[in-house]
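For the sequence shown, the working numbering puts the final residue at 60, and the numbers step up evenly by one.
Quick caveat, the hints were computed from the structure, so don't treat them as lab data. Quantities reported herein were computed from a predicted structural model and do not represent experimental measurements. Cβ coordinates follow ideal geometry from the N, Cα and C atoms, glycine included. Please note that the accuracy of each hint is not assured.
Said to hold, decoys possible - Within a straight-line C-alpha distance of at most 20 Å, the following computed SDA-like cross-link-like pairs (lysine to any residue) qualify:
1. K14 - H25
2. K28 - D17
3. K28 - I18
4. K28 - R47
5. K14 - Q26
What the hints assert, rightly or not - Simulated DEER-style distance windows between Cβ atoms:
6. N12 - K55: 28 to 36 Å
7. N12 - T52: 36 to 44 Å
8. N12 - I35: 22 to 30 Å
9. A30 - K55: 20 to 28 Å
10. N12 - S54: 33 to 41 Å
11. I22 - D43: 37 to 45 Å
12. V56 - P33: 16 to 24 Å
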Amino acid sequence: VASSSSGDVNIKKDDIFQLIQAHQEKAARLPAIEEIRTVLDRSLRGTLSTFSKVTDCF
C-alpha cells in the first residue's frame, strides 16, 4: 500500500498550477468582445463594468 504525505500532494498541486499558468501565458486570447459574449452566454446573469482603472476612486 503506497502512502503519500500531504506535503507531496501540495507539491503536485503546485506543479500542476504552474503548468496551467505557463500554458495560459502562451495561449492566444479571444478578442475582449468575444470573451464577454462567451461569459454572458454561459451564465444566467451578467454584469459589464465600465469603471475605469484610470480614475483614482476605482
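Now for the hints, and whether the structure bears them out:
no., hint, result
1, K14 - H25, "holds (17 Å)"
2, K28 - D17, "holds (17 Å)"
3, K28 - I18, "holds (16 Å)"
4, K28 - R47, "violated (30 Å)"
5, K14 - Q26, "holds (18 Å)"
6, N12 - K55: 28 to 36 Å, "holds (34 Å)"
7, N12 - T52: 36 to 44 Å, "holds (40 Å)"
8, N12 - I35: 22 to 30 Å, "violated (39 Å)"
9, A30 - K55: 20 to 28 Å, "holds (24 Å)"
10, N12 - S54: 33 to 41 Å, "holds (39 Å)"
11, I22 - D43: 37 to 45 Å, "violated (23 Å)"
12, V56 - P33: 16 to 24 Å, "holds (21 Å)"
Checked against the numbered hints above, the structure breaks hints 4, 8 and 11 and satisfies the rest.
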